Amino acid sequence: MSPVLAGVLQLLALTAALALAHVPLGNYLARVYSSPKHLRIEKWIYKGIGADPDTEMRWPAYLRGVLAFSLAGVLFLYLLQRLQGVLPGSLGFASIDPDQAFNTAASFVANTNWQSYYGEQAMGHVVQTAGLAVQNFVSAAVGIAVAVALVRGFARSRTGELGNFWADLVRGVVRVLVPIAAVGAVILVACGVIQNFSGIHEVGQFMGGTQEWNGGAVASQEVIKELGTNGGGYFNANSAHPFENPTPFTNLFEIFLILLIPVALTRTFGVMTGSVRQGYAILGTMAAIWVGFVALMMWTEFAHHGPALQAAGGAMEGKELRFGIGGSSLFAVTTTLTSTGAVDSFHSSYTGLGGGITMLGMMLGEIAPGGVGSGLYGMLVMAVVAVFVAGLMVGRTPEYLGKKIGIREIKFAACYILITPALVLVFTAAATALPTPGDSMTNSGAHGFSEILYAYTSASNNNGSAFAGLNADTQWFNSTLGLVMLLGRFVPMVFVLALAGSLARQQPVPATAGTLRTEKPLFSGLLVGAVLIITGLTYFPALALGPLAEGLA
1 MSPVLAGVLQ
11 LLALTAALAL
21 AHVPLGNYLA
31 RVYSSPKHLR
41 IEKWIYKGIG
51 ADPDTEMRWP
61 AYLRGVLAFS
71 LAGVLFLYLL
81 QRLQGVLPGS
91 LGFASIDPDQ
101 AFNTAASFVA
111 NTNWQSYYGE
121 QAMGHVVQTA
131 GLAVQNFVSA
141 AVGIAVAVAL
151 VRGFARSRTG
161 ELGNFWADLV
171 RGVVRVLVPI
181 AAVGAVILVA
191 CGVIQNFSGI
201 HEVGQFMGGT
211 QEWNGGAVAS
221 QEVIKELGTN
231 GGGYFNANSA
241 HPFENPTPFT
251 NLFEIFLILL
261 IPVALTRTFG
271 VMTGSVRQGY
281 AILGTMAAIW
291 VGFVALMMWT
301 EFAHHGPALQ
311 AAGGAMEGKE
321 LRFGIGGSSL
331 FAVTTTLTST
341 GAVDSFHSSY
351 TGLGGGITML
361 GMMLGEIAPG
371 GVGSGLYGML
381 VMAVVAVFVA
391 GLMVGRTPEY
401 LGKKIGIREI
411 KFAACYILIT
421 PALVLVFTAA
431 ATALPTPGDS
441 MTNSGAHGFS
451 EILYAYTSAS
461 NNNGSAFAGL
471 NADTQWFNST
481 LGLVMLLGRF
491 VPMVFVLALA
501 GSLARQQPVP
511 ATAGTLRTEK
521 PLFSGLLVGA
531 VLIITGLTYF
541 PALALGPLAE
551 GLA
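Here the numbering used here is used: position 166 in the sequence shown is 166, and no number is missing along the way.
In case anyone wonders, no lab produced these hints; they're calculated from the structure.
These numbers come from a predicted model, not from an experiment.
Warning: the hint list may mix true and false statements.
[Unchecked claim] Dumping the calculated DSBU-like pairs for lysine-lysine here, alpha-carbon to alpha-carbon at most 35 Å:
(1) K37 - K47
(2) K404 - K520
(3) K404 - K37
(4) K411 - K520
[To be verified] For each label pair, taking beta carbons as the anchor points, the in silico distance ranges come out as:
(5) L39 - R82: 43 to 49 Å
(6) N471 - F249: 31 to 37 Å
(7) S349 - G292: 21 to 27 Å
Note that beta-carbon positions come from the ideal geometry of N, C-alpha and C, so glycine has one too.
Construct the complete structure from the given sequences, taking the supplied hints into account.
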């Protein structure tokens, strides 16, 4: 079988699996977040944290819950790392330095999972399981909760209430993430992913020295790493490591886990708003961008330029032989069009244009289909902008799902869109202008600039993948990237929840002959154009200095 055909067949198999899961999981999620009943274990949790799950919250109260919970997570994870040296199960590793502990705490709470450390050489079992794995669950649940709050803003009328954050958070963990992760972990263990609490042990000699590996509860962390679009690897090689991702099947299964909830949430959106076709319009937009990026990535990486690439069947540098170009390209596009950041290949070794595609996927806002929750609310914000633009074209007051999009709503959407590019471009400019950060670059010229641009793009969009080649374990990068991750995660949530509150207070307006049909393919095409033009062109000068200059050289 040719490598190209293998890549296409993987794409078709993945699409079929997602299509089968889309409706039942989407309907289940809608029931989870609409049910007035609470499970017994949920009642115990509410009692333990002192929360009343039946109290409705307006958007400021909902936001305070998000920020308070996340701040507590940052402090807990920071202290856990600083105390690692005296904790049991540390495998003899020392406590984490303050700047790196801050970076890691901000990273995992922000659902970014950027890692400036070698996992198998820095973090013991306690930090990995009680700290990092726990945040993989709850940070994902926070993202879903904010998305559901925005959906309620569209679905409700003449009220500012968006639900209860604590109930949404607990339900996301107990009813959604934990059950799916439990089944997924069993599948990964059956396919060869390790799951143990063994210590460090010698496995043989390597290049004149001793080679050692440490075990860990890898399967249980690997599954939520992908399912929750987190991305932080138990090992430094991430999903290229055979203990995390041993076979082509596990590679495809992990891609399926990454896309599962973001794809299903479009169905949830349609069910909760009473218009399933609106959900399909959003899904169609996401799918068009995702398939387009996969096709472009495979084309750039399979292109045969020179005898070495022809002999290898394509640009195989930095890719695992067991996955090939097809599986690696599919993983790279999926992980950068979502806020996952897991990698099964070396993005820095991709062709110049291929590396640019991974960056552009993050720069679009990771909305195709995006992270758990963040992808849906990001695309809905873009839909608000697209409706507004369409209204300007025909001279009518823009409406979306029966809600008028006025000055207040478009201001919230504009602020949401602008915050991330501002973080990326300002901090990239500072890092390239100052003398010290430039010392961390392995390469010079366009590729070296891409290393820094990729790092801040990944951090501000809460992706977490690295272009590699950049020594990010410095006080400058640990501090600035940590700050960017927190701002890039929680400042946009402010505008999303404010938008949700504004929409929920409105009285629905009836559709007329002049109302834009937002469930039609025409609107999906308009939405794709809005995404590519409004967000993509923002970064064009920076892309021209990095991956485009390298790819066209």
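Status of the hints after comparison with the structure:
1. K37 - K47: holds (15 Å)
2. K404 - K520: holds (19 Å)
3. K404 - K37: Holds, at roughly 33 Å.
4. K411 - K520: Roughly 26 Å between the alpha carbons, so the hint for K411 and K520 holds.
5. L39 - R82: 43 to 49 Å: The hint (43 to 49 Å, Cβ to Cβ) is violated, given that L39 and R82 are roughly 35 Å apart.
6. N471 - F249: 31 to 37 Å: For F249 against N471, whose Cβ atoms are near 35 Å apart, the range 31 to 37 Å holds.
7. S349 - G292: 21 to 27 Å: holds (23 Å)
Hint 5 from the list above is the single one not met by this structure.
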